[in-house]
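Let the sequences and hints guide you as you build the complete structure.
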Amino acid sequence: MAAIAETLDAVQAVTDGGYKWGFSTDIEMDMAPKGLNEDIIRLISSRKDEPAWLLDWRLKSYAAWLKTEEPDWAKIKHPPIDYQDLHYYAAPKKKPGPKSLDEVDPELLRTYERLGIPLRERAILAGVEGAEDERPPIAIDAVFDSVSVATTFRSTLAKSGVIFCPISEAVRDHPELVRKYLGSVVPAGDNYFAALNSAVFTDGSFVYIPKGVRCPMELSTYFRINARNTGQFERTLIIAEEGAYVSYLEGCTAPQRDENQLHAAVVELIVFDDAQIKYSTVQNWYPGDANGKGGIYNFVTKRGACRGARSKISWTQVETGSAITWKYPSCILQGDDSVGEFYSVAVTTNHQQADTGTKMIHIGRNTRSTIVSKGISAGKSNNTYRGLVRVLPKAHGARNHTQCDSLLIGDQCGAHTVPYIESRNPTAKLEHEATTSKIADDQLFYCRQRGLSQEDAVGLIVNGFCKDVLKELPMEFAVEAQKLLAISLEGSVG
Amino acid sequence: MNALAPGSQLQAGAQAFLARYAANGSVQQSEAAGLFARNGLPGPREEDWRYSLLRPVTDVQFTSAPHGHSDVSAALARLPKIAAPRLIFVDGRFRADLSDIEPGTRAGAPAYGATNRPDREKLVALNTMLSEDGIAIQVPAGHDAGTLLLVSIGTGGNVSFHPNHAVTLGAGAKLTLLDLTLGDGVYLHNPVLSATIAEAATLTHLRLQQEALGAFHLSTVYADVAASGTYDSFALTLGARLARMEVHASLNGPQASAHLNAAQLLGGNQHADFTTVVQHAAPNTASRQTVKNVLSGRSRGVFQGKIEVLRIAQKTDGYQMNQALLLSPDAEMDCKPQLEIYADDVKCSHGATIGELDGDQLFYLRTRGIPEPEARAMLVRAFLTEALDPIAHEEGRAAMENAIASWWDRNVI
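Read top to bottom, the protein sequences are chains A and B. What the first sequence shows, in the working numbering, is residues 1 to 494, in sequence order. What the second sequence shows, in the working numbering, is residues 1 to 413, in sequence order.
Hint data in this document are derived by calculation from the structure and do not stem from the laboratory. The C-beta atom is built at its ideal place from N, Cα and C for all residues, glycine as well. Treat the hints with caution; some may be incorrect.
[To be verified] Examples of chain A residues toward chain B, derived with CB under 10 angstroms: (1) S24; (2) R42; (3) N260; (4) C413; (5) K429.
Next comes the structure, spelled out in structure tokens:
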């Protein structure tokens, strides 16, 4: 019954029913002027001392973006986004070399404290040298608005040959790797938001796991949008060489603001023979208030290429935040016997809109994919699963199983399922199942009868509904995700 | 932006249809012409048409069917022997000389059902604009009209025809409509049928599409069902080079129900698309769909099925199953089941499977001395049974079985 106790605690912890990560930090920022044009892109590139090839790539992406139109096929509604009314670069001003916690901007420090990032790590995050002595389990890259403020445990990782650093540093220190792989899975002009990201991305994480290395700790990136009127465009690139393994976690929050903020990220994963990447996300951007005012517009392109034989990519996501979620983490299964997995829980309440799912492209022989998607809609929200399974003619023996379940809480919300299933090989076996239901009265009655309140009973049932996905998350994240589920649904059950 | 290239050819094709519209038509026709001029033909960038491209249709320059009676005795001989009144259309024109006109039936003009949506469905706008004929069937309340054969024969010669039919059932009325389409040569058959089913009435709609293999079949059915009414349908697709059956069923009263079962058996270069939209617009309504696809040669099967549950439609029970057997390495199946749900107390599910014949089952039959072709045929027949079984009309079912048997002779699997 530990899970229930956790859920109860979590619900009680939030007395005002609000978004507890919604505070903002008043910190001196270095910002580019509003608007998007070639000069802004040149400015971003020069601030980051980028080589000419990257600036060229950005400008080409910008040209591609100008030529494409914003996609309109997703089941989301929002007022038009004014791309000229945003700051495309915002970074906290750096004061030279703080040597102890007292010298670090106390506001930045407080931010990490309130976000619940452990003290020792926080000391490193704020840029203090010499705090890195013990060996904690997770290395963190913290991205604050447009830039990475710190990356922890890099020396420990370096010992095993793992590179974990902000992508802007990777451009400087490992240009051959970045140049080879950047845009190789999500090309610059792939889609409207990916093209925008490619033109203006400011930071993000870079991970390289060399041949045969099992990454000694879990890697994590923590994204924080803070500044007003900014967009956040981060870029993540992870490469797992032959036989390598890495588990990567991603978390995100943003202040509570009345206007909508744009987040358009791109994540690229590349996996070679026998290698594996496990990518977990707990997405908790500010979802807007009860009347649908404010919140993050989250337009994200995530894609992994299983280039090698027996390679594996596993996406797990818990999506509770954002006013709009538009995100389809995908796997291109090129290598023979490669495996793609997608486990997702998406919760929407109030006026949130989520259109999320995956794409599994089977190219190699005996490629296998599993999709488990759980959508929970409450309040006046809309929650759509949209997924593609495509089997190409050479994918002999390909196998897919898809399970998508939707749960509706309340009669003002919507739950939608839009799978695309395309097979061009007779030896492929594809199965798809989808159900929609509400919490059954007898389940509720059973719990109430045992003394649980209505709300706790719903929390328990929802956690059970999501179990198949939550069990895929690393331990720390699973606990966090369970709490999030309870908090997100608080007040939506009457 | 490269999608503009086929789009422009598509719109040139639309212009060719538009040029055939004579401005002295009915109000419905001139309205539809306005819509068609504005909207044109559905293109590859439209979500509902992503799997079925109309480009092959626009490659052909279609004309209106010539007047005068052509001899269709050979085609008539191919019709299933069912003792029931017949309504025969040849190239989209009603042939009184070959038909039995029952009371309550009117032919000679397009019927323009009130629930048709030429503003939404572009092919219905095309139909309405160019429609010359159609049948209007009215079954009075409480009357059992038995079985009626509605037959369309295409004679080829690059003609296009656009019959517009309407069936109206009064409260408690019953009708079985056997909807048979066949022909020879190259033609475009673009029929629209609107069915209005009153309280506790039942329309059984059995459709057998055996158009010529060079022909195009693009049909739209609207079924509006009142409380306790039933639209019970089965559609078998065997013919046409490019076929699309689109069905919009709307369950408007409590206890209304719809069955939209279908089977598509394709070979060669055939492309067939079965697209359904079921709208649950009242509480306690039910819909059932079982769709089976058997694909050989280089054929391509498409199924798109949408279940919409409106906020008011609590206690909806919606079920949909789509299965496909790929019998050759070059066949393709594209499937898009969709749920769109706005009510919380509902039970909706869909399932889809795509694969080849089960090797274990085949082996089992072979070990019992059954030669491989027969074993394969046996397994395919078993696969189809689930969709055929709900057909209660015996002669109708026999006609379907016979048609499937003849498909066999044509396609070595």
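> Can we keep the K429/A interface hint, with Cβ of chain B closer than 10 angstroms?
Replying inline: 4 angstroms, holds
> Should the hint that S24/A touches chain B count as held when the rule is a Cβ pair under 10 angstroms?
Replying inline: Cβ of S24/A sits 36 angstroms from chain B, so the hint is violated.
>> Interface hint check: N260/A, Cβ to nearest Cβ on chain B, cutoff 10 angstroms. Holds or violated?
In response: N260/A check fails; min Cβ-Cβ to chain B is 24 angstroms, beyond 10 angstroms.
>> The hint names R42/A as touching chain B; please verify it with the least Cβ-Cβ distance against 10 angstroms.
In response: Violated, because the Cβ-Cβ distance from R42/A to chain B comes to roughly 27 angstroms (cut-off 10 angstroms).
>> Under 10 angstroms is the threshold here; is the Cβ of C413/A close enough to any Cβ of chain B for the hint to stand?
In response: At about 7 angstroms, which falls below the 10 angstroms cut-off, the nearest Cβ of chain B leaves the hint on C413/A intact, so it holds.
Checked against the numbered hints above, the structure violates hints 1, 2, 3; every other hint is satisfied.
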